[in-house]
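There are 2 protein chains.
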Amino acid sequence: MAATYKERLAEVSAALADPTRREIMDYVSASGTPISVREVAQAFGLHANAARLHLDKLVKGGLLRVVRMRGKRGGRPASLYLPADEELELHLPPRHYRLLAEILVEALCATGEETWERLRDHSYWRGRQEGMNASSPLARVSPRAEAEEVARAWGDDLEKRGLRTRVRLLERGIIEATFLACPFGEVSKRYPGRLCSVHRGLEEGVLSLAGRWTVERGEQDCVFLARKDEASQGRDR
Amino acid sequence: MAATYKERLAEVSAALADPTRREIMDYVSASGTPISVREVAQAFGLHANAARLHLDKLVKGGLLRVVRMRGKRGGRPASLYLPADEELELHLPPRHYRLLAEILVEALCATGEETWERLRDHSYWRGRQEGMNASSPLARVSPRAEAEEVARAWGDDLEKRGLRTRVRLLERGIIEATFLACPFGEVSKRYPGRLCSVHRGLEEGVLSLAGRWTVERGEQDCVFLARKDEASQGRDR
Chain A
1 MAATYKERLA
11 EVSAALADPT
21 RREIMDYVSA
31 SGTPISVREV
41 AQAFGLHANA
51 ARLHLDKLVK
61 GGLLRVVRMR
71 GKRGGRPASL
81 YLPADEELEL
91 HLPPRHYRLL
101 AEILVEALCA
111 TGEETWERLR
121 DHSYWRGRQE
131 GMNASSPLAR
141 VSPRAEAEEV
151 ARAWGDDLEK
161 RGLRTRVRLL
171 ERGIIEATFL
181 ACPFGEVSKR
191 YPGRLCSVHR
201 GLEEGVLSLA
211 GRWTVERGEQ
221 DCVFLARKDE
231 ASQGRDR
Chain B
1001 MAATYKERLA
1011 EVSAALADPT
1021 RREIMDYVSA
1031 SGTPISVREV
1041 AQAFGLHANA
1051 ARLHLDKLVK
1061 GGLLRVVRMR
1071 GKRGGRPASL
1081 YLPADEELEL
1091 HLPPRHYRLL
1101 AEILVEALCA
1111 TGEETWERLR
1121 DHSYWRGRQE
1131 GMNASSPLAR
1141 VSPRAEAEEV
1151 ARAWGDDLEK
1161 RGLRTRVRLL
1171 ERGIIEATFL
1181 ACPFGEVSKR
1191 YPGRLCSVHR
1201 GLEEGVLSLA
1211 GRWTVERGEQ
1221 DCVFLARKDE
1231 ASQGRDR
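Sequences listed follow chains A and B, in order. Under this note's numbering, the first residue of the first sequence is numbered 1, with each subsequent residue one higher. Under this note's numbering, the first residue of the second sequence is numbered 1001, with each subsequent residue one higher.
Okay, chain A solo, but in the shape it has when bound (with noise of 0.2 Å):
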């Protein structure tokens, strides 16, 4: 990886730059397992080549990393590709958003459970204004609309923002939203569960355009389950 902010910058657009390259990134970092060459060059119609040189760019550009692994047969040891560890990050101008709220969090952890209890409060309101703001395909689904519809909605939103995600309809009109990669990252994981409740709190808020609905943890901290709140039509949140 380059040393400064400035060359970080020119090896990450120059990787970026390129529709196919940007594809074959998104196929790996898909993928959940490390993806070889030739996998990539059949997907995209590509010889091995050129497949091998997108691949090396993007591990240059830092989005990218490369294991080498001997295969079953023995012979040459096979390049496998899989997303850096690393999160990449570019402001511009130049912002350190992570570090503050990193800093903050610490902060708040050093405060009382109220101060928690608050934050889902908060993220509910945000999360609703920043729909709004952003013309969320939810605020066009009317409040009577059927689960699936507000699925399909909530989908779409989802990729307005940037967020893997896999929504699907269970049974009984639950919604089930798994994130395949969390908005906090790396704050997150420094402090296990603590930012769940907020990211919840946001998808409600989200949701919350298009009705009233509950959301829920699911089985994993990443899974969250999204239920019609019937009792509470008239209620004031």
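The set of hints was computed from the structure by calculation and includes no laboratory data.
In silico PhoX-like pairs for lysine-lysine, Cα to Cα no more than 20 Å straight-line:
(1) K1006(B) / K1060(B)
(2) K60(A) / K1160(B)
(3) K1160(B) / K6(A)
(4) K1006(B) / K160(A)
Chain B: place on chain A using the hints.
Showing chain B alone in chain A's frame:
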């Protein structure tokens, strides 16, 4: 500006992939006044058409904006370029740290003053730790070094962190650092003055690698004055 995260990523990386374009962006950002095509062409030894092409790509990428102004002698209005109002934030995988920081500041504002005082302490230690992890040039400066040397190393450290700053030595060994862009940008704008002590704490922490320095507010929020804390050499912080 493009609507989705993916489209934005495409436009931004296209805008930034060219080294001359990155230089032009820096040039316009640093100038402080709107810049004409002709000025850019002269500064970079380019034909006016080439300069305009670069500038327009930067506008398309959301990095600069353009205003049209009629000159004193009438005639066609000229295009002048200046930094975009909206800051650019790019994360891979997508992260929403700015939003998180805003929600956290909001929650902290509802707590007592003592939380904010604790924040400065957190920031000091975090700055010190960051400086060590990043092998800051300040860590290679002897605690007995002249202020001039510390100023130089601090400037190098700030540049490495991508922060646009002017560092100079005043009389009596006081170092003045002027931040041309706040590392906490939009969050700081939303809560004016609140985060300056966090930033000062961070810089004090980084500077502590080169001895004991106190960082105070200069004439404005974004001007810091660092002076060697002679009295407290032996004292534990």
